[in-house]
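Colleague: Chains as they are written, first to last, in our numbering: chain A, 8 to 121; chain B, 3 to 116.
None of these hints come from the bench; they were simulated from the model.
Simulated restraints, written as ranges between beta carbons of each label pair: (1) 25(A) with 29(B): 31 to 37 Å; (2) 98(B) with 75(A): 20 to 26 Å; (3) 20(B) with 22(A): 48 to 54 Å; (4) 98(B) with 67(A): 20 to 26 Å; (5) 67(A) with 84(B): 40 to 46 Å.
Calculated cross-link-like contacts (lysine-lysine; reagent style DSSO-like; alpha-carbon spacing at most 27 Å): (6) 113(A) with 59(B); (7) 10(A) with 59(B); (8) 113(A) with 13(B); (9) 78(A) with 66(A); (10) 10(A) with 64(A); (11) 24(A) with 116(A); (12) 66(A) with 116(A); (13) 66(A) with 113(A); (14) 62(A) with 116(A).
Covered stretches of chain B, going by a simulated chain A footprint (3 or more residues, C-beta under 8 Å): (15) 38-48; (16) 104-116.
Glycine included, each C-beta is placed from N, C-alpha and C at the ideal position.
Spelled out from the first residue to the last, the chains are:
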Amino acid sequence: SQKIEQNSEALNIQEGKTATLTCNYTNYSPAYLQWYRQDPGRGPVFLLLIRENEKEKRKERLKVTFDTTLKQSLFHITASQPADSATYLCALLYSGAGSYQLTFGKGTKLSVIP
Amino acid sequence: DAGITQSPRHKVTETGTPVTLRCHQTENHRYMYWYRQDPGHGLRLIHYSYGVKDTDKGEVSDGYSVSRSKTEDFLLTLESATSSQTSVYFCAISESSGSHNEQFFGPGTRLTVL
Numbered sequence: 008s009q010k011i012e013q014n015s016e017a018l019n020i021q022e023g024k025t026a027t028l029t030c031n032y033t034n035y036s037p038a039y040l041q042w043y044r045q046d047p048g049r050g051p052v053f054l055l056l057i058r059e060n061e062k063e064k065r066k067e068r069l070k071v072t073f074d075t076t077l078k079q080s081l082f083h084i085t086a087s088q089p090a091d092s093a094t095y096l097c098a099l100l101y102s103g104a105g106s107y108q109l110t111f112g113k114g115t116k117l118s119v120i121p
Numbered sequence: 003d004a005g006i007t008q009s010p011r012h013k014v015t016e017t018g019t020p021v022t023l024r025c026h027q028t029e030n031h032r033y034m035y036w037y038r039q040d041p042g043h044g045l046r047l048i049h050y051s052y053g054v055k056d057t058d059k060g061e062v063s064d065g066y067s068v069s070r071s072k073t074e075d076f077l078l079t080l081e082s083a084t085s086s087q088t089s090v091y092f093c094a095i096s097e098s099s100g101s102h103n104e105q106f107f108g109p110g111t112r113l114t115v116l
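Using the sequences provided together with the hints, build the complete structure.
Modeller: Structure (structure tokens):
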């Protein structure tokens with residue numbers, strides 16, 4: 008079965024710095040990789056999707072990279088703000104039983120310190 | 003939470019009792035999913051539906067059943083609740099299954115089985 012590891016359970020950074028979160032996976036390469044944000048007591052919210060043939064994707068202060076050789080995705084938040092504090096989940100999209108299913112990592116809790 | 007509601011939001015029940023959780027969407031999306039989220043495990047797929055009366059098992063389906071008689075409603079039933087089913091349950095929807103499988107999550111149901 009597919010295994011996903013997010014580098015750390017918690018990450019603390021200073022406001023204004025760039026936060027970098029890591030997602031590693033084993034076994035076969037997914038067709039797509041997604042990143043979600045989850046705030047306490049709420050459901051995850053979709054942020055970005057990157058395809059296996061894309062090296063990099065950007066959205067405002069967010070950047071995602073996808074290295075299928077290393078089996079790794081990096082998620083960057085530039086000029087981080089306290090409002091960016093949340094848990095970030097990576098998810099792999101793979102094909103199963105006639106449809107695509109998402110497998111989620113356990114998440115990294117990011118705290119941006121003012 | 004993008005047109006997705008879950009009921010109840012909180013429930014406390016006793017071991018051995020049946021429990022039904024409801025997910026309702028107003029987006030007319032074809033795909034619906036039930037996940038559970040536990041500390042140390044992240045989000046895990048229980049069951050999903052790819053249309054009315056069309057459902058399939060996910061990673062952790064034992065002890066759960068689902069039904070979808072209308073596009074907008076997806077029910078999750080615990081036939082005989084056990085303490086190991088204490089968790090936060092999230093419903094999600096998506097418009098498609100493949101490359102645009104951005105999932106929208108509901109607010110969650112916190113279930114405690116005593």
